[in-house]
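Work the whole structure out from these sequences, hints included.
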Amino acid sequence: MLEGFEHLVDAFAGLVAELLRQVPGLTVLAVGRRPLGVAGERVFAPAPLGEDEAVKLFAERATRQGVAVREEAGVRESCRRLDGIPLAIELAAERLRPWTCGSPPPRPPGRAGRRRAQAQKSYGR
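Residues 429 to 553 in our numbering are what the sequence shown lists, from first letter to last.
Some clues are possibly wrong.
[Said to hold, decoys possible] Each pair of labels, with its calculated beta carbon distance range:
(1) P452 / E499: 49 to 57 Å
(2) F433 / P476: 19 to 27 Å
(3) A475 / M429: 15 to 23 Å
(4) R509 / A467: 46 to 54 Å
(5) E481 / H435: 16 to 24 Å
(6) H435 / P514: 20 to 28 Å
(7) G465 / G494: 42 to 50 Å
(8) F433 / G468: 14 to 22 Å
(9) Q450 / A475: 17 to 25 Å
(10) E505 / A467: 37 to 45 Å
(11) L436 / E500: 38 to 46 Å
(12) V451 / E500: 43 to 51 Å
Honestly, the hints are just simulated from the structure, not real lab data.
Glycine included, every Cβ here is placed at the ideal spot set by N, Cα and C.
Listed below in structure tokens is the structure:
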């Protein structure tokens, strides 16, 4: 599994192509924002969750953290800001303790901040 190398796609594409030639039967799972362009590649682009699905996922993950979701409008806005991306929603719900469900999350500190920086880097920002 390869992940988090959006800024090095061209270099990794060559490496993956060579590995596939050298190792019969090898399967590579590459997670990224754009395809590698390697022969035989299959691209799966998951769609973002719908608004109701996103809110439901957020509420489920919040409940696991011991936080009851009371203000659905704030959760809906947070899910919209997270573009309905399941992983982003799960990460936000994990951070519920330092913020309320009625307001969007602050800029995430620590490990979550590094994830945000990695996401921004993958978008070239």
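A quick look at each hint next to the structure:
| no. | hint | result |
| --- | --- | --- |
| 1 | P452 / E499: 49 to 57 Å | holds (55 Å) |
| 2 | F433 / P476: 19 to 27 Å | holds (22 Å) |
| 3 | A475 / M429: 15 to 23 Å | holds (21 Å) |
| 4 | R509 / A467: 46 to 54 Å | violated (38 Å) |
| 5 | E481 / H435: 16 to 24 Å | violated (31 Å) |
| 6 | H435 / P514: 20 to 28 Å | holds (24 Å) |
| 7 | G465 / G494: 42 to 50 Å | holds (45 Å) |
| 8 | F433 / G468: 14 to 22 Å | holds (19 Å) |
| 9 | Q450 / A475: 17 to 25 Å | violated (35 Å) |
| 10 | E505 / A467: 37 to 45 Å | holds (44 Å) |
| 11 | L436 / E500: 38 to 46 Å | holds (41 Å) |
| 12 | V451 / E500: 43 to 51 Å | holds (50 Å) |
Hints 4, 5 and 9 from the list above are not met by this structure, while the remaining hints are.
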